[in-house]
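Protein chains: 2
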Amino acid sequence: MTTDERFMRIALEEARAAMAQDEIPVGAVVVAGGQVIGRGHNLTETLRDVTAHAEMQAITAAAETLGGKYLTGCALYVTVEPCVMCAGAIGWSQLGRLVYGASDEKRGFRKFAPAALHPKTEVVSGVLEAECAQLMKDFFQQKR
Amino acid sequence: MTTDERFMRIALEEARAAMAQDEIPVGAVVVAGGQVIGRGHNLTETLRDVTAHAEMQAITAAAETLGGKYLTGCALYVTVEPCVMCAGAIGWSQLGRLVYGASDEKRGFRKFAPAALHPKTEVVSGVLEAECAQLMKDFFQQKR
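Residue numbers (our numbering), protein chains in the order written: chain H, 123 to 266; chain G, 123 to 266.
Read the hints as simulated data drawn from the structure, not as lab findings. Don't take each hint at face value.
It does not matter which identical chain is used: a pair holds within one copy or between any two.
Okay, derived cross-link-like pairs now, SDA-like style, lysine to any residue, Cα gap no bigger than 20 Å in a straight line [unchecked claim]:
1) K259 - V245
2) K233 - E253
3) K265 - G156
4) K233 - T125
5) K233 - D144
6) K242 - A174
7) K259 - G189
8) K242 - I132
9) K242 - R266
10) K228 - Q216
11) K228 - P241
12) K228 - H240
13) K259 - E135
14) K265 - T243
15) K228 - I146
16) K228 - Q157
17) K233 - G190
18) K242 - R229
19) K228 - K242
20) K259 - G248
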């Protein structure tokens, strides 16, 4: 298991926690110096708040841990490609590295806001992609 | 004074509250049925949180007031054109009407994420534009 897979597994745990609360199963963790410094999962229904995406909560938690708002030396692992809102937040945070699992053709930032991230942010996609995507498929299938 | 100007004046009050806290002076209010149901100003420095923009706080506050996450019947007044993150949040909220004062050529969503809003969201710009822009100029001038 690679380091990226190891942290994506923790993001997947968060996604499963969302699923267990009947939330769209997306999870995220922020890592610095090999340590998880922030984590979160989607809570938009529970909190009745469209801004309560996994990434937003992980970013806010990481900044709280660091005592500063910039995440330059950090990596964010998220099970699904961030939306426009989350990509905007990632841009403001000057995140060092973004790693996501499944792509999101309908809502992902790559289509709708390709220049949202800081130019120095490294982007890696497709880590544990099948598992991340399957969780989403399972969720929407059970909703039908 | 038009209705739009009246609510933009309240957003400007919020922006001045940000200024007084040495925050970039942006303020926002959400209005439904002629009533302010959420308000906020930029608090990114105070909270050390890149997500703490005026719009995000006003949206979250309005959803809290309504007890639901969608702002379909609401208008959001904000002194400066929303950034990509805030436009993404506005998109998720299915906001009825967005009214902003000054444009933001550098960070505004119209350049970086023109399709971020819900297709039914009406957009009005330039309300009390000079006053909204002047507050930003004053802030950055004093920072130099």
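Within, between, both or neither: how does the pair K228, P241 come out at a Cα-Cα threshold of 20 Å?
Answer is between: at 14 Å across copies they meet the 20 Å cutoff, but 23 Å inside does not.
Given identical chains, is K233 near G190, meaning Cα to Cα at most 20 Å, within a copy, between copies, both, or neither?
neither (30 Å within a copy, 28 Å between copies)
Treating 20 Å as the Cα threshold, decide for K233 and D144: within, between, both or neither.
neither (27 Å within a copy, 35 Å between copies)
My question is about K233 and T125: at a cut-off of 20 Å on alpha-carbon distance, are they close within one copy, between copies, both, or neither?
Intra 28 Å, inter 36 Å, cutoff 20 Å: neither.
Indicate which option fits the pair K259, G248 if close means a Cα-Cα distance not exceeding 20 Å: within, between, both or neither.
within (16 Å within a copy, 43 Å between copies)
How would you classify K242 and R229 at a CA-CA limit of 20 Å: within, between, both, or neither?
Answer is between: at 17 Å across copies they meet the 20 Å cutoff, but 23 Å inside does not.
With identical chains, the pair K228 and H240 could be close in the same copy or across copies; at 20 Å between alpha carbons, which is it: within, between, both, or neither?
Between. Shortest inter-copy distance 13 Å satisfies the 20 Å Cα cut-off; intra-copy 22 Å does not.
Status of I132 relative to K242 across identical chains (alpha carbons, at most 20 Å):
neither (25 Å within a copy, 38 Å between copies)
With 20 Å as the alpha-carbon cut-off, assign the pair K228 and K242 to within, between, both or neither.
between (25 Å within a copy, 17 Å between copies)
State whether the alpha carbon distance between K228 and Q216 is at most 20 Å within one copy, between copies, both, or neither.
between (25 Å within a copy, 16 Å between copies)
What label fits K242 with R266 when the C-alpha limit is 20 Å: within, between, both, or neither?
Classified as neither; 41 Å inside a copy, 26 Å across copies.
Pop the pair K228 and Q157 into one bin, within, between, both or neither, using alpha-carbon distances up to 20 Å.
Neither. Shortest intra-copy (32 Å) and inter-copy (34 Å) distances fail the 20 Å Cα cut-off.
Figure legend: structure checked against the earlier numbered hints; hints not met, in rising order: 1, 2, 3, 4, 5, 6, 7, 8, 9, 14, 16, 17.
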